[in-house]
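J.: The residues making up each chain are set out below.
2 protein chains.
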Amino acid sequence: MNDLKLSWIASANSAETLFPLNNLPYGVFSTNGKRPHCGVAIGNFILDVTLAEESGLLTICSEPLFKAASWNKLMSQSPNVWTTFRTRLMEILAEDSSDQARAEAFLISSADVQLHMPFTVSEYTDFYAGRHHALNVGMMFRGPENALPPNWLHIPIGYNGRASSIVVSGTNIRRPWSQLKSPDDTDPRFGPSARFDIELEIGAVVGVPSNGPITVSQADDNIFGYVLLNDWSARDIQAWEYQPLGPFQSKATATSISPWIVTKAALDPFRCETPEREKELLPHLRDCGPMLYDINLSVSLIPDNGLETEIAHTNYNVMYYSAAQQLAHHTTSGCPMRTGDLLGSGTISGPRKDNRGSLLELSWGGKEPFELIDGSSRSFLEDGDTIVLKGSANGHGYKVGFGDCVGKIIEAVNDLE
Amino acid sequence: MNDLKLSWIASANSAETLFPLNNLPYGVFSTNGKRPHCGVAIGNFILDVTLAEESGLLTICSEPLFKAASWNKLMSQSPNVWTTFRTRLMEILAEDSSDQARAEAFLISSADVQLHMPFTVSEYTDFYAGRHHALNVGMMFRGPENALPPNWLHIPIGYNGRASSIVVSGTNIRRPWSQLKSPDDTDPRFGPSARFDIELEIGAVVGVPSNGPITVSQADDNIFGYVLLNDWSARDIQAWEYQPLGPFQSKATATSISPWIVTKAALDPFRCETPEREKELLPHLRDCGPMLYDINLSVSLIPDNGLETEIAHTNYNVMYYSAAQQLAHHTTSGCPMRTGDLLGSGTISGPRKDNRGSLLELSWGGKEPFELIDGSSRSFLEDGDTIVLKGSANGHGYKVGFGDCVGKIIEAVNDLE
Numbered sequence: 028m029n030d031l032k033l034s035w036i037a038s039a040n041s042a043e044t045l046f047p048l049n050n051l052p053y054g055v056f057s058t059n060g061k062r063p064h065c066g067v068a069i070g071n072f073i074l075d076v077t078l079a080e081e082s083g084l085l086t087i088c089s090e091p092l093f094k095a096a097s098w099n100k101l102m103s104q105s106p107n108v109w110t111t112f113r114t115r116l117m118e119i120l121a122e123d124s125s126d127q128a129r130a131e132a133f134l135i136s137s138a139d140v141q142l143h144m145p146f147t148v149s150e151y152t153d154f155y156a157g158r159h160h161a162l163n164v165g166m167m168f169r170g171p172e173n174a175l176p177p178n179w180l181h182i183p184i185g186y187n188g189r190a191s192s193i194v195v196s197g198t199n200i201r202r203p204w205s206q207l208k209s210p211d212d213t214d215p216r217f218g219p220s221a222r223f224d225i226e227l228e229i230g231a232v233v234g235v236p237s238n239g240p241i242t243v244s245q246a247d248d249n250i251f252g253y254v255l256l257n258d259w260s261a262r263d264i265q266a267w268e269y270q271p272l273g274p275f276q277s278k279a280t281a282t283s284i285s286p287w288i289v290t291k292a293a294l295d296p297f298r299c300e301t302p303e304r305e306k307e308l309l310p311h312l313r314d315c316g317p318m319l320y321d322i323n324l325s326v327s328l329i330p331d332n333g334l335e336t337e338i339a340h341t342n343y344n345v346m347y348y349s350a351a352q353q354l355a356h357h358t359t360s361g362c363p364m365r366t367g368d369l370l371g372s373g374t375i376s377g378p379r380k381d382n383r384g385s386l387l388e389l390s391w392g393g394k395e396p397f398e399l400i401d402g403s404s405r406s407f408l409e410d411g412d413t414i415v416l417k418g419s420a421n422g423h424g425y426k427v428g429f430g431d432c433v434g435k436i437i438e439a440v441n442d443l444e
Numbered sequence: 028m029n030d031l032k033l034s035w036i037a038s039a040n041s042a043e044t045l046f047p048l049n050n051l052p053y054g055v056f057s058t059n060g061k062r063p064h065c066g067v068a069i070g071n072f073i074l075d076v077t078l079a080e081e082s083g084l085l086t087i088c089s090e091p092l093f094k095a096a097s098w099n100k101l102m103s104q105s106p107n108v109w110t111t112f113r114t115r116l117m118e119i120l121a122e123d124s125s126d127q128a129r130a131e132a133f134l135i136s137s138a139d140v141q142l143h144m145p146f147t148v149s150e151y152t153d154f155y156a157g158r159h160h161a162l163n164v165g166m167m168f169r170g171p172e173n174a175l176p177p178n179w180l181h182i183p184i185g186y187n188g189r190a191s192s193i194v195v196s197g198t199n200i201r202r203p204w205s206q207l208k209s210p211d212d213t214d215p216r217f218g219p220s221a222r223f224d225i226e227l228e229i230g231a232v233v234g235v236p237s238n239g240p241i242t243v244s245q246a247d248d249n250i251f252g253y254v255l256l257n258d259w260s261a262r263d264i265q266a267w268e269y270q271p272l273g274p275f276q277s278k279a280t281a282t283s284i285s286p287w288i289v290t291k292a293a294l295d296p297f298r299c300e301t302p303e304r305e306k307e308l309l310p311h312l313r314d315c316g317p318m319l320y321d322i323n324l325s326v327s328l329i330p331d332n333g334l335e336t337e338i339a340h341t342n343y344n345v346m347y348y349s350a351a352q353q354l355a356h357h358t359t360s361g362c363p364m365r366t367g368d369l370l371g372s373g374t375i376s377g378p379r380k381d382n383r384g385s386l387l388e389l390s391w392g393g394k395e396p397f398e399l400i401d402g403s404s405r406s407f408l409e410d411g412d413t414i415v416l417k418g419s420a421n422g423h424g425y426k427v428g429f430g431d432c433v434g435k436i437i438e439a440v441n442d443l444e
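Those sequence lines, one after another, are chains A and B. The first sequence lines up with residues 28 to 444 when you count with the numbering used here. The second sequence lines up with residues 28 to 444 when you count with the numbering used here.
Hints may be right or wrong, so weigh each one.
Chain copies aren't distinguished; within one or between two, either way the pair holds.
Said to hold, decoys possible - 27 angstroms max Cα-Cα, derived DSS-like pairs, lysine-lysine:
1) Lys100 to Lys61
2) Lys394 to Lys435
3) Lys208 to Lys306
4) Lys61 to Lys435
Derived by calculation from the structure, the hints in this document are not laboratory data.
Throw the hints in and build the complete structure from the sequences for me.
T.: And the structure:
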């Protein structure tokens, strides 16, 4: 089961590609400024799903699913329809396909396309479910005794973010202005963030909507797929604003996601258990199967016109709560969830220093700047820095990848003066 | 300017109606289960705007604005178009109108309609901008010395809520289950909220989108109108979950809004200044004109099959920050704002005990239950209780009202066991 499936597209059969037949992630692309279409990545190509559906090659419903440049319509269907669609895709693209000649007409070289947001985000929630991250941040701000908040081992703590600020990989990120006050200042001032940071995360994309409390098992069923996610965070803005109602403008500049949604089906061979529980969870949040995934993750930093340094690498399997547990918790009070809701995992830090998924942790609050390959150092982001998140699950002789999640920092501008 | 404008619809000329020609609020209605249409309230009638536009009586754009059952398309136009539309409405409905005969065909008695959500909510933000409320809550939880958080006099503190949980007046509100832990408990448990509460607020509806920081003056221009808003809040869930990232499931059960959006134009004669500043605001948040409104507000509680008790009355003019200041702050970090974003003012409490806009304050954290007309008492909501918010600005011999914002509490059900 966990082996490379062969395609008639040679580049999809390489052990190095992120997009073998086993993966088939969903994105939105355009060529030469034309109207964006839905597409599926396969090796070095993209299958134009909008045109393939129009032609009848890939028609699975009586009404079209891919007329709009987003995957939301397929996402809103039942999981059976997701399976039917994926099965048909595999049939068309597998090495012995009788549809090869027809499908070739809908292949575009990945080199020629621009990628867009793969789905319309309904609402965005960000969690705090990485234990190493919560411990690191807690130790910095509250000392080792009180590092984990009292509720942390009982609920996946989350807050609502801004869907309007989600952008696709490749979008430049402007350093934010906002109100700031360092502990030494008497009064706050309005200025650009000097502690602008990243958060390495995996985002879960809700497919099936719900309208009331759901179980962890139902929640897992309702999840359509996963993306890489970088929750850009202004630590200095956060410090001044977050008491008592949580992060607001510190997290509202932008959140970048990978251009490809990797489906739950593609990740299925890489399911794994959450870590052992220090406190037993209440029944409504208890694990009911392996719902995390073994996904290798890394963060690179590239200074303006400079060399790439991998500054951290970790794995999604270290998280304390799965996305299914987060989604179940999200519905306990009756909160309706909708197709296109995006749930950030929380920062994914591992136990070692080079497993830390934020600069706040890597530089220990700015006290221990870390070195780049070119000899320069960083505590937080500088203008011109590019951050690249990479992620893939590794099978026997193949990878299931997300495509890079990239963002470059551009200088702050005050439009208000 | 501040006098009743006369209409050929007699019920619109009463000093008691909430919907004189001066108001013309925007809603969505249906009759006999038919497809919902956009409508404007006038006296005891609703003008069917969808049909009036179709007929050519009320056509102000080359493409139709009211085909969908929501006001978002008009909201997304420029303020000039808002004015053109309102001017034309006034012309049609004014006492000397030459369009009376044509318009009569599109009038429906308000008694015969069901009201729906007047607009599609993009995202929902709730603020904490009432000083009396913040002081009351702060005194209960942190004592009089530290009642106001250090940032409170410098920024309108807000958090992101859930757009999916916004419902129109008349929708029943199911008491939520969630994880709870009182200070005396060793471990949390999963149960129904025993401290379910209301928050009396005004919601500002964003019309013109923005994509980067905007000034307070631009923010005021971008606001389309206002609604009454009840942010149902589970205080026991909130107490356990809100540290360190703010309210989440405690605020996600539902938020009710009035069925009518009262336009900024209708409220214009009632503009007033924010209170004197204890600390001067930074330039980007400073007042630049009267941007609060003199709107009388009240809260009534009706036990199941019981008598109505007015439990509080206050005025929107006591708020420390205007919606324009909140919207400007919301954009400082670059956060894009979209047509249909909804901004809750925060709980509107006045200086006196009977001015308090939440049961938490009225019962002082449950320690001082308050009496109802029937002799029973309340600390928090009981199943079967109906809460009615009322609001109107009062001119010379006329009112500009929102229509009641009503919700009835129904018993908690645990679907998960």
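J.: Among all the numbered hints in the text so far, which are the ones the structure does not match?
T.: Going through the list in order, the structure violates no hint and respects every one.
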